[in-house]
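*Asks:* Residues per chain, in single letters:
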Amino acid sequence: MHPALAVIFLTLFSGGGFGLMALTAIVNDFQIDGGLSPMQTMVAVLLSVLFVTIGMLSSTAHLANPKNAWRAFTRWRTSWLAREGVFAVLYYPFAMLYLVWVFFTGGSADVTGLLLANVAGALGLITIFCQGMIYACLRTIRQWNTPLVPANFYAMGLAIGATVLAALRIATGGPAQTLVGMAVALLAAAAVLKGIYYFWIARPNGPTIRTATGFNRSNVRILDQGHTFGTFLTQEFGHTIPAAKANTIKFLMYLFAFVIPVWALALALSLGLGSLAWLAVVSVFFGIGVERWLFFVEAQHVVNLYHGRQQC
Amino acid sequence: MRLGLVIDLDTCVGCHACAVACKEWNTSGTTAPLTDYDPYGARPSGVWFNRIRHYEVGEYPHNKTINFPMSCMHCENAECVTVCPTGASYKRAEDGIVLVDQNKCMGCNYCSWACPYGARELDRVSGTMKKCTLCIDRIYDREIPEEERQPACVLTCPAHARMFGDLDDPESPVARAVRQRGGYQLMPELNYNPTNHYLPPRVHAPIPTDDLKKKAVRKVKEWVNRVVER
Ligand code: SF4
Ligand code: SF4
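Note that the protein sequences, when read in sequence, are chains A and B. Just so we're aligned: 164 in full-length UniProt numbering is position 164 of the first sequence, and the numbers increase by one with no gaps anywhere. Just so we're aligned: 21 in full-length UniProt numbering is position 21 of the second sequence, and the numbers increase by one with no gaps anywhere.
It is possible that some hints are incorrect.
[As the list claims (entries may be wrong)] Here are some chain B residues pointing at chain A (derived, C-beta under 10 Å): (1) 43; (2) 56; (3) 65; (4) 110; (5) 115; (6) 117; (7) 127; (8) 128; (9) 190; (10) 192; (11) 193; (12) 198.
By construction, these hints were calculated from the structure, which means they are not laboratory data. For every residue, glycine included, the Cβ atom is placed at its ideal position computed from N, Cα and C.
All chains, full assembly: derive it from the sequences and hints.
*Replies:* If you want it as structure tokens, here you go:
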């Protein structure tokens, strides 16, 4: 698949933003590490809204005809893309109300505030599921057509959120032991889950050029694609990546998405260094951005079979 | 009713006439235009509803060239319609034709991801998704003679490799052809249940070639003898 930056940013930033909102609610619910101060809560919610907005805005950049974008909310009965839009929009009023509530009451953990925070967090988590299902429901792309996709989106969204929250705490003061522990645990879980995914998609299966053409008992080779230059189909679906190169990028991805953030958070906690904690945030965004890029480049659509690919 | 095409892989000669006729008709049809990018330049590209590919099937000496036209299959389980968030893509209940409402499409490409057969192409200029309409603006046109109320590709095919009709009616010519010739659907394992069917190449008795050389040698000898006798 063509790795369009607009779509990569959508799930990367909004996933992180929703994860941040959900964890902010949980941390204040259970007063983890004493809970966030009102100021920290406001910054966390603001960052969450900011990330989600970056994601949503960049996704509209992917539309060839954005003037009809408002219609994308209408088919929520059948389309995961429409459901994603509906839940993402529903998240906004609750997140904003929580922000306003904390600002005016000065309390981040009273019943009304927590109710708003938890509803916003839950809506965000539902949106992450819808985002995963946008890809996972496609039977045409076997690398996506697996429940591991929404599971991965969850793990990574929460890991980003936890990293941001821990960094925020270290940078602005207060006990951060448990917050860092939570971030490290979520990062580790996300790394393992992504490993399972890579293991799962490594073995080829699904349609072949034989079932695509119906010549089930013969070898089939392409003689001519029928067009002199590329088409929409080759531009949108033709991307591949050699396995060796993919492995190198995966190694770098693991380094930036998981190893550096864990190391930076741990060090920042023991030294009390805010800047090092923010390095963890930058690194996790970059690493998971690379992961999302690979997610697209490695996805092999079955239409490639008609262009001569033996198997996807 | 379930309108669709039946494509005869036995007789298709791979001339691309159907694709050209399609482009010609539809570029002023209901979802017009079919924009071209750089048509006379070094990198010509553009929107087509119908593309013909060419394959070699089998191993020498039992190999064969197969010309393979593909357009929208007007699937029964049209996931392209299910995934569309705007409702621009729809499947008509009365005849099963899958269409894109150009006034509603936002150009998100999602439906093209859901189509296994590469039937959908985004028009970069209009910003909307385009695809085969089964010439909906021909087949129901009461102004033209009845025998011409067929898709442009079907009318134009010089090899009669394309048939159009109602695959729901077991006695329609298309349904009968599918039954008699063992017509099949592409990638049935994905369960899109495409309406279009493909007829496999007929199995012909092989033309004997073993004694061909001997015969030829004998003929030359006879000719030489005759010449020498004179
Ligand atoms: S061939 Fe593709 S575009 Fe046509 S109905 Fe089937 S899935 Fe939809
Ligand atoms: S490109 Fe248009 S028709 Fe296709 S899914 Fe998006 S809005 Fe629907």
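*Asks:* For each hint, tell me whether it holds in the structure or not.
*Replies:* Quick rundown of the hints versus the structure:
| no. | hint | in the structure |
| --- | --- | --- |
| 1 | 43 | 5 Å, holds |
| 2 | 56 | 5 Å, holds |
| 3 | 65 | 7 Å, holds |
| 4 | 110 | 6 Å, holds |
| 5 | 115 | 7 Å, holds |
| 6 | 117 | 7 Å, holds |
| 7 | 127 | 3 Å, holds |
| 8 | 128 | 6 Å, holds |
| 9 | 190 | 5 Å, holds |
| 10 | 192 | 8 Å, holds |
| 11 | 193 | 12 Å, violated |
| 12 | 198 | 6 Å, holds |
The structure does not agree with numbered hint 11 stated previously, though it agrees with all others.
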